[in-house]
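Engineer: The chain contents come next:
Number of protein chains: 2
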Amino acid sequence: MKSIGIDFGGTSIKIGVVEGKEIIAFADPVITGDYPTPAALIDAIADVVTSLREQYSDIVAIGCGVPGFVDFPTGTIHNLTNVPGWKNIPLKDELKKRTGLPTAIDNDANAMAIAEWKLGAAKGCDHAVCLTLGTGVGGGVIANGAMVRGAQFVAGELGQTSISYSGRLGAYNNPGALEAYLGNNEFAADAIHDYAAAGVDKNISDCTPVKLAKLAEGGCEIALKCWDKFAQRLATGLASTCWLLNPEILVIGGGVANAGPILFDPLTKHLHAQLSAPFKDHLKIEKAHFSNNAGILGCAALALDEVE
Amino acid sequence: MKSIGIDFGGTSIKIGVVEGKEIIAFADPVITGDYPTPAALIDAIADVVTSLREQYSDIVAIGCGVPGFVDFPTGTIHNLTNVPGWKNIPLKDELKKRTGLPTAIDNDANAMAIAEWKLGAAKGCDHAVCLTLGTGVGGGVIANGAMVRGAQFVAGELGQTSISYSGRLGAYNNPGALEAYLGNNEFAADAIHDYAAAGVDKNISDCTPVKLAKLAEGGCEIALKCWDKFAQRLATGLASTCWLLNPEILVIGGGVANAGPILFDPLTKHLHAQLSAPFKDHLKIEKAHFSNNAGILGCAALALDEVE
Chain A
4 MKSIGIDFGG
14 TSIKIGVVEG
24 KEIIAFADPV
34 ITGDYPTPAA
44 LIDAIADVVT
54 SLREQYSDIV
64 AIGCGVPGFV
74 DFPTGTIHNL
84 TNVPGWKNIP
94 LKDELKKRTG
104 LPTAIDNDAN
114 AMAIAEWKLG
124 AAKGCDHAVC
134 LTLGTGVGGG
144 VIANGAMVRG
154 AQFVAGELGQ
164 TSISYSGRLG
174 AYNNPGALEA
184 YLGNNEFAAD
194 AIHDYAAAGV
204 DKNISDCTPV
214 KLAKLAEGGC
224 EIALKCWDKF
234 AQRLATGLAS
244 TCWLLNPEIL
254 VIGGGVANAG
264 PILFDPLTKH
274 LHAQLSAPFK
284 DHLKIEKAHF
294 SNNAGILGCA
304 ALALDEVE
Chain B
4 MKSIGIDFGG
14 TSIKIGVVEG
24 KEIIAFADPV
34 ITGDYPTPAA
44 LIDAIADVVT
54 SLREQYSDIV
64 AIGCGVPGFV
74 DFPTGTIHNL
84 TNVPGWKNIP
94 LKDELKKRTG
104 LPTAIDNDAN
114 AMAIAEWKLG
124 AAKGCDHAVC
134 LTLGTGVGGG
144 VIANGAMVRG
154 AQFVAGELGQ
164 TSISYSGRLG
174 AYNNPGALEA
184 YLGNNEFAAD
194 AIHDYAAAGV
204 DKNISDCTPV
214 KLAKLAEGGC
224 EIALKCWDKF
234 AQRLATGLAS
244 TCWLLNPEIL
254 VIGGGVANAG
264 PILFDPLTKH
274 LHAQLSAPFK
284 DHLKIEKAHF
294 SNNAGILGCA
304 ALALDEVE
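Protein sequences appear in the order of chains A and B. Each number in the working numbering comes from the position in the first sequence (counting from 1) with 3 added on. Each number in the working numbering comes from the position in the second sequence (counting from 1) with 3 added on.
Hints were generated in silico from the structure; no laboratory data involved. Check before you lean on any hint, since a few could be wrong.
Identical copies look the same in the list; a pair holds intra-copy or inter-copy alike.
To be verified - Here are the computed lysine-lysine pairs in the DSSO-like style, where the Cα-Cα straight-line distance is at most 30 Å:
| no. | residue 1 | residue 2 |
| --- | --- | --- |
| 1 | Lys232 | Lys214 |
| 2 | Lys90 | Lys232 |
| 3 | Lys272 | Lys228 |
| 4 | Lys272 | Lys24 |
| 5 | Lys90 | Lys287 |
| 6 | Lys272 | Lys90 |
| 7 | Lys283 | Lys90 |
| 8 | Lys205 | Lys24 |
| 9 | Lys121 | Lys5 |
| 10 | Lys90 | Lys290 |
| 11 | Lys228 | Lys126 |
| 12 | Lys232 | Lys17 |
| 13 | Lys121 | Lys228 |
| 14 | Lys100 | Lys217 |
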């Protein structure tokens, strides 16, 4: 069964045809800023869908993940971050009307979690927490074999959960927001600070996750300590989700996860140090299977729920 | 429909017959320490059940909440806190065998959450977080209209979730455990400290939640500040559950909740200050409806799931 996944970003909209866990065709991305109104942009997306269906006649549904706040059952977008004019847009109805296909609309972070849960690292798990570490920190929660979207469909904001009641403020003046410690820029700023304390001058481009991982792999004590601190704070945030939800797996994605054992070894150590036996004994801590394509895959998987 | 709720405590076992949300009969408590073996104690419980059924012939099921770690589907107790000898006891099977009635066994904190969810403050809510503030801090989570028990059935440990990655250690060496700040003894210790800083000598019996609430109601600035600090820390822990799960209601129980507006006013203020609009606009923050009887009521409600 084939479905279309639409990864709606602030810059471009990536669209692919998915079968199982393979993206069998990519359309040319739609450039978000090229269209002056939501209606024009929806027309452009619908045109891509039409052209993909000319190549693949057995597409059964469409899923779309958007960077913002969605009313999941109706598929109406309340508002999008970084895409002006998208307020109260009934995207699900509009895409259905233009394509005639069953359509699902979800938050993009949920779509990535769905990719891991339906097709990736958390496949077959009834209880999972997925976290993406990038410029921002986002996530998705699966409990009792279902996505937890919550009362207003905004659940899963792991980056805003707190690891310090008196700590750094997050985007909503929320003290101790995980994102205020673990976002790529904050990680870099902490590393610059730690290097400076040791008399070493670094700038932000020296302190990307990739470069800090290479330094740590090369045995740099300062870089190793930066990763340990990062892992301890991440472990505290994830341990809270474990105490609360007792997941069988924690899935970590985003560029930082590419650090491999440089991240996962201290993370596992700190998580085990902070949890009691029933919470940690069977806990899997895994790297996300999908990276850039998680959005398309998750949306395509979500779409299939509309026809099953 | 009538069912029996059994609130299994380390000191005594309280048993009642429940119809709707009323306890229509209480049995004499069974004293836990009076029975040398689990088998003898189970016999004593079964005898009480038999005698209650002689009075009420239409009892359809039994629910029992225990202070420890239970394998929920099988009803086998892995171990109990403060009750020696209770390791790997198949309590569900044993009670079923002795009584012939459908039986459910759950953790006592879950039972209290079930009471609020099925019968009390969170009745009709599909997404709820229940917290009990006492000597310890416990809780239960409802998402998508179901209890979240997690992969090993130990979810809902709100007291162990962290509000400080570098803070006070909880019972499992977990930094920043909510319980290490908000347990009754910790609240008292903080108050003693704050009074001492103002040159006022207080001891632990002066600083119970009841006495601190009276002092605050009387306008004592120090007591008001103690409650504000307590509320700010509690808000941080609860805000994390909101970001993660987007519940429609937070239910607060335990003796501290009896402080009423002295607790709930600053708690609401701090929660609103830490959350963004979709998370807080429809959020209810309510006192638990049940106190000492929550265990019996929750267990009796849980029991009915076994026959429905």
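Engineer: Which holds for Lys272 with Lys90 at a C-alpha limit of 30 Å: within a copy, between copies, both or neither?
Structural biologist: This pair counts as between: shortest inter-copy Cα distance 29 Å, intra-copy 44 Å.
Engineer: Have a look at Lys232 and Lys214 and pick one of within, between, both or neither, based on CA distance no larger than 30 Å.
Structural biologist: Intra 16 Å, inter 41 Å, cutoff 30 Å: intra-copy only.
Engineer: Measure nothing new, just compare the shortest in-copy and cross-copy C-alpha distances for Lys121 and Lys228 to 30 Å and report within, between, both or neither.
Structural biologist: neither (35 Å within a copy, 49 Å between copies)
Engineer: Could you place Lys272 and Lys24 in one of the four classes (within, between, both, neither) given a Cα distance threshold of 30 Å?
Structural biologist: neither (32 Å within a copy, 46 Å between copies)
Engineer: Are the CA atoms of Lys272 and Lys228 at most 30 Å apart within a copy, between copies, both, or neither?
Structural biologist: within (14 Å within a copy, 38 Å between copies)
Engineer: Treating 30 Å as the Cα threshold, decide for Lys232 and Lys17: within, between, both or neither.
Structural biologist: The answer is neither: 35 Å in one copy and 47 Å across copies each exceed 30 Å.
Engineer: Quick one: Lys205 to Lys24, C-alpha cut-off 30 Å, is that within a copy, between copies, both, or neither?
Structural biologist: This pair counts as neither: shortest intra-copy Cα distance 41 Å, inter-copy 65 Å.
Engineer: Up to 30 Å between alpha-carbons, please classify Lys283 paired with Lys90: within, between, both or neither.
Structural biologist: between (43 Å within a copy, 20 Å between copies)
Engineer: From the Cα coordinates, with 30 Å as the cut-off, is the pair Lys90 and Lys287 best called within, between, both, or neither?
Structural biologist: This pair counts as between: shortest inter-copy Cα distance 26 Å, intra-copy 39 Å.
Engineer: Quick one: Lys90 to Lys290, C-alpha cut-off 30 Å, is that within a copy, between copies, both, or neither?
Structural biologist: neither (35 Å within a copy, 36 Å between copies)
Engineer: First find the shortest C-alpha distance between Lys121 and Lys5 inside one copy, then the shortest across copies, and answer within, between, both or neither for a cut-off of 30 Å.
Structural biologist: within (15 Å within a copy, 41 Å between copies)
Engineer: Have a look at Lys228 and Lys126 and pick one of within, between, both or neither, based on CA distance no larger than 30 Å.
Structural biologist: neither (33 Å within a copy, 48 Å between copies)
This entry does not satisfy hints 2, 4, 8, 10, 11, 12, 13 and 14, going by the numbered hints stated previously.
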